[in-house]
Amino acid sequence: MVGSTILKLDGLSKNFGAFQALQNISLEIFEGEFLTIVGPSGSGKTTLIRLLVGMDEPTEGEIRLRGKRIEGTPANKRPTCMVFQSLALFPHKTVGQNIEFPLKIRREPQDRRQERANELLDLLRLPRDYYHKRIAQCSGGEQQRVALARALAFDPEILFFDEPLSALDYRLRKALEKELKDLHERTGKTFVYITHSLEEAMVMSDRIAIMNAGQFEQIATADQIYAKPVSKFVAEFMGEVNLFDIDGSERSGIAASALHSRENLNLGLVDDEFGTLMVRPEFIRQIDGEGNSDFWVFGKLRAEYLLGSRLHYEFECKDGTTLTVEKLREDRLSCVAGDEVLLGWDVENTHLIRSGG
Amino acid sequence: MERADKRFGFLCSLPILVVLALGFLAPLAVVALYSTMPERVFGLAHFPTFEAFRTLVEQDYYKSLLWSLGMAFVATCALFLLCWPLAYAMAKVFRSFTLAITVLVVMSLFVSENIRLFGWSLTLMKGGLLEGHARAWFGIGFDGLLYNVPVIVFGLVYVYLPFMLFPLAQGIAMIPDDARQAATDLGASRWQVLIEIDLPLAAPGIAVGSLLSFVLAAGALAESKLLGGQAVIVIADEIETAFTYSQNWPLGSALSVVLIAIIGCLVTYGLARVNLDAIIGRNR
Amino acid sequence: MGASRSAKLALYAYGIVVIAFLYLPLVSVGFASISRARYLTFPIKKYATKWYSSAFASETVMELLAVSLRIALIVAAISMVVGFFGALAFARYNWKHRSLFQKVILLPIFFPQAVLGLSLLIWFNALGIIPDWKTAVVAHLVWIAPIATLIIAIRAYSFDPALEEAARDMGASTWQILREVTLPLLMPGIVSAGLFAFLLSWGNFPLSLFTTGADSTLPEWLYAKVVSGYTPLVPTVGVLSVAGSLMLIAIAFAIFHAVKFASAKSA
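Chains as they are written, first to last, in this note's numbering: chain A, 14 to 370; chain B, 1424 to 1707; chain C, 145 to 411.
Among the hints, a few may not be true.
Only some residues are given here: those of chain B computed to face chain C with a beta carbon under 7 Å [to be verified]: (1) I1439; (2) G1542; (3) L1552.
Keep in mind the hints are simulated off the structure, nothing from the lab. Cβ coordinates follow ideal geometry from the N, Cα and C atoms, glycine included.
Please model the complete structure; the sequences and the hints are all you need to start from.
As structure tokens, this is what we get:
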């Protein structure tokens, strides 16, 4: 399903005065994929999407759509379009008139327009009699669907999304995430989605690009990013994580004071290298004695939180750092606040983030 | 709290309603009554007739009315075209310059309109600021630009510019930026954005601005007197003459009633379609 | 998406042209007032300030100034009070006929002033009142009080009703709430409404023309002299009238800044 390169960014930069919003960004987007760009607010993702849609011009760099440079082409001349964060539905037009708008702009005949609008209402599972409804009469979820239908009526080569679900309540958002993924599969179009919510990105995307301070930190599948983050930023951005700074020159490579490990454990760090050892909280278990796992720490249970199906524990280590552990409800730990227990995990569940020498 | 709101709302509205009842409603009622009196009487204790309205039609007074309405219409259209780019810039492009323009335009309103019109006659007359200097510096003399119909329309455009500019800017400020961006993104050209998005969404501002300019221009007096000479007699001039020199109050009243009726219909029709909370309450 | 650089420049230039267009006639009046010649022609050959000295010496001009000032001050004072309450009814309280009230308030603004002035003349006559400067105050109020209401209403829209509710919650009476919360919060709007009212009354011509009776205001006198019996004093008095407005605006700005400075210092 995922094909050749459709959009290629090469050395893209955008400055606002002295502020560098985007610094030398490169990215290839493949035909038919669902790519999500995730980043905290201020990371430059909104700036990036404005460049991709054509509402702004880059300070430097190239954007190629199927090999053709488009960075100077204005938004109305590009075969791409965007679903806005605010949806930007036209309040003075009906649902039908909103959906038909791009067709009207192309001067297609009225009967053809209405036919297409009805097809799109069907595709988005909106009743056909919504055609004459006012935008203000639609619920939040319905407005989302109208905005999607309008964008699809444009028949874009790439459909961009600027956090369109962020204003909705949790349940509706979850339902629409799945619908959007389903719609992506049914239409086979290239979707590029930006959001600050990692959960959203993981549910929907084929690939995720993590953005920070105007640059990409990592571009990979959700699974790869979760298990093998390339930086501390990505590791922390992708949910709860325990990180230990380690130093290759130490015996067995362990520098963190509270962390113990089996002797001669080879983490692959050479003498003058530094790194961070990452372990996700769900891989940590309670052990009976030292040496029963590859790594262990002594931890005093500080607090326990119930997160629906899971339990979240916070332990205080000897050196005062916090260790988080997560368990499914049926695997609840047998300790209460104040207890000191031995916690361990194995090397195959860790990931080493190298930070160089 | 709701009930208190209702009571206080009514109480607070009273002072100004009293002013308007005594200074607006009552005079209009008296004028309406006078319009049904026989010609050249100065009391209201006569049997009602429609003589005055007949005179109005028979003696070609309706021509003045048509002139006034026609010139007001042309001035309103010109004002719309002139003010749109500036109002757009004030609402969407300028930053601090919007405040500067607002202050300067409002300040011009505080100068009596006849001083400003008198200034135009000094500017446009033969031997005035324009012709005098053109002759002295470039040797190009021409007749004065005063005393014709176009210069009256020019005067109307000049005097009522703020009444179009501000409502228009307020209306344009109500257009959401992302609606315009979405339209562009969906392929619309500048012209298509104007027709499909800007004009319909700024409609309340356009309606208020056009109504204000048209109504005030239709009842204007000073422009035709100070700039137009006797080129045409406007309706307000006829009304003034009837009330003062000719001492024919019923005729003056009948002329007023016709003008008021036309204006009243336009204003009620226009304002009924406008949400005032949205226009005035909007803090940009 | 913003406008391109050249489009922006063109719009700035257009803005300046419009402002120049609004003020050009005042430039002509200004030059005319310092021309020495009895019969004005441009370009002006000799300049003199003699018309100013004769204007200040003229009892008529001083009388005109006094009448205009008296009317404007009273109109401003009444407009502030009436407008304050009107604005509360317009924007703050949610009462049954609010939307109708809002439209009724606008009617006098959407009304040709000359016709309004003449209608008032007939009305005063029917009441047996002989017009003088006091009737002009009423005439001005009909047009200016609604404008003052709108100006204060703009301020009242941004008013958070929770503030009044909080005061009531702490036991304040209706009168105390009005004095301690509502009035101070709306004060900037009330002051600017008063300023507007004064200036609009000071410069008003079409209403004064028919309602001042034997008294006369500055703009009215100017009109009469322009239409018949031009004297070289006309541009001079025009400039004096404009200068009066400017002076008031300057004073208002100075007070505004002084208050802002004082409150910034005490904070």
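List, from low to high, the hint numbers that the structure doesn't satisfy. As far as the earlier hints go, not one is violated by this structure.
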